[in-house]
Amino acid sequence: MSQNKNNSQTNIQLDFISESKLAQMAPMEKIRMVLDEVRSGKIIVLERGLAPDEEAKLIEMTMTEITPDEFSGIEIESYPTEQNTSFLRKILGKTTTKTRLTVIGPADHLKTIKKDRDMITAIVTK
Amino acid sequence: MVINLFSWVKRLFKKKKAKIGIYGPPNAGKTTLANRIVRDWSGDAMGPVSHIPHETRRARRREDVIIEANGTTVMLDIIDTPGLATKIDFHGFMACGMEEEEAKRRAKEATEGVIEAVKWLEDLDGVILVMDATEDPFTQVNVTVIGNMEARNLPLVIAANKIDMQKASPARIRGAFPQHPTVPISALEGINTDQLYKEIAKRFG
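As you go down the protein sequences, you meet chains A and B in turn. The first sequence lines up with residues 1 to 126 when you count with our numbering. The second sequence lines up with residues 1001 to 1205 when you count with our numbering.
One chain only, chain B, in its complex shape (with noise of 0.2 Å):
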């Protein structure tokens, strides 16, 4: 009993938390990977996802999100961020459907959103990117991300998301940026997410 209280009081201030940001291009899977993570470790979920790109125009934060993996408790922070992009059209979106009063006014919602996960680099303690594998991994987005990173000696963790599909290829992630631990995952499928957990827990533990 004794030295089960000691176990616990032990784990509990071995806990450490961590502000960490979910980036990426729109449409990587960054909301499907956060509901996945929130999911799986404390019941809930972060916000609607969709096939439109900019779904998510407004950074989510879900505060005390505690993973356990490899014997390492951490306490994280997760902020679900607006899909980075360098240009938004919204022509884009009247492709996709939309009336042109509403393509715009998301279109604008979108740059904002933009404009608030740039802001949030700043204020973060590492980052999951989130790539898709079967797109080219040398986009801008993820090289600014992984520049910024680096710049500031910051942990991150790259999920190379979709690999349920056909053309998905996670080594060209691996390939394209050895420098950093890169984890194949559907976050949709909740495929091969037990070692994203322990990657999770080793680099931001």
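Just chain A, with the same shape it has in the complex (with noise of 0.2 Å):
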């Protein structure tokens, strides 16, 4: 768990990352530099989220990484992904998808308690 010990207060770190830095990355760095973080004790917020093949991936990885009283999972959430369905890209055949903000951290320490089609509530406990 990365917890910084401030005057006996302990703090859970979040990384905010943005959609420029997500777009220079492989689908694999992604998923790699997301477990990573989260597999140390830190909460992820992506600014676009991942593609719906990239989380799909982020799942197969996470169950080859839980252990028994180690790491049980991540607890990941995303807004539903967005269709453009544009009258032009209707007419040419071509949706394309949009995916938006995306919160992932260990499943011990990030629970959500609501979410709906534009809001998340969660909760972080140490």
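For the record, the hints were derived by calculation from the structure and aren't laboratory data. Accuracy of the hints is not assured; some may be wrong.
What the hints assert, rightly or not - Here are the simulated lysine-lysine pairs, BS3-like style, with alpha carbons at most 25 Å apart:
no. : chain 1 : residue 1 : chain 2 : residue 2
1   : A       : LYS98     : B       : LYS1108
2   : A       : LYS98     : A       : LYS114
3   : B       : LYS1108   : A       : LYS111
4   : A       : LYS57     : B       : LYS1202
5   : B       : LYS1108   : B       : LYS1017
As the list claims (entries may be wrong) - Far from chain A, by Cβ distances over 12 Å, these chain B residues were calculated:
no. : residue
6   : ARG1060
7   : ASP1077
8   : GLY1126
9   : VAL1157
10  : LEU1188
Just so it is clear, CB atoms sit at the ideal spot from N, CA and C, and this is done for glycine as well.
Fit chain to chain and form the complex, with the hints in mind.
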């Protein structure tokens, strides 16, 4: 757990990662970075989230790293993706999936209370 | 006689085959639904069900299940997948009464099951996403499965399951994912499954 001792207060680090930084990374780089950060106890906030196939890969890799009494997995919350279905794209038969903000943290420290299309309520515990 | 033979040959060649995965979080009723579909159309069953999460830890496939609805015949390979999850803690199984060793073994098998379910996503023609209508529909599992199907332009039918329970709210699911067809059902009681078969024939046929 990445907790900084500061005058007997224990803090949890949150990293906010911009869309442009994510855009420079290969899918596996993103997934590795997210898992490494989360395993060290940090909460990660991704400005533009992960592509759906990257989310699936993240779930898959998380499963390979689960160890009893050490790492029980991740809590990941993202808003539902949005489809870009403009008239022109419909004519061309091309729709694109727009991913949205995503929060990821260790399952034993991040807990989602409520989630809907446009709001995520979560608590972080030490 | 000739006309009957002609119509039979025509129907035979109209049959389309699609590989359909039954997905959802643990305990949504995936295997109960898979059993219902397979029993209704081939008189058999797919696997055991349990109230303990992650009962299905290996994907099961049933080939050539023929469904007829709305004048359309579809031939499906049905894959009943293990429940998708982002976390698996063996303590949860101990809370269901398992010994520590058994709970750890089940947790390990459950992680392997999730990996198998994720890998199947890449090899499907469509998905029946089973949601527990008594629960909040905005789970990450639902969001991830829907996102993957949309990104690949593949058909998806949402089965809003457990409508036999008082707390069920299929309207909440429909409101959450209005872009996809949602059919309220009870896989356990067989309620509204005819409507689901019509939607399956329409979307996967």
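Status of each hint after checking the structure:
| no. | hint | result |
| --- | --- | --- |
| 1 | A:LYS98 with B:LYS1108 | violated (34 Å) |
| 2 | A:LYS98 with A:LYS114 | holds (22 Å) |
| 3 | B:LYS1108 with A:LYS111 | holds (22 Å) |
| 4 | A:LYS57 with B:LYS1202 | violated (30 Å) |
| 5 | B:LYS1108 with B:LYS1017 | violated (34 Å) |
| 6 | ARG1060 | holds (19 Å) |
| 7 | ASP1077 | holds (21 Å) |
| 8 | GLY1126 | holds (16 Å) |
| 9 | VAL1157 | holds (17 Å) |
| 10 | LEU1188 | holds (27 Å) |
Hint compliance for this structure: hints 1, 4, 5 are not met, and every other hint is.
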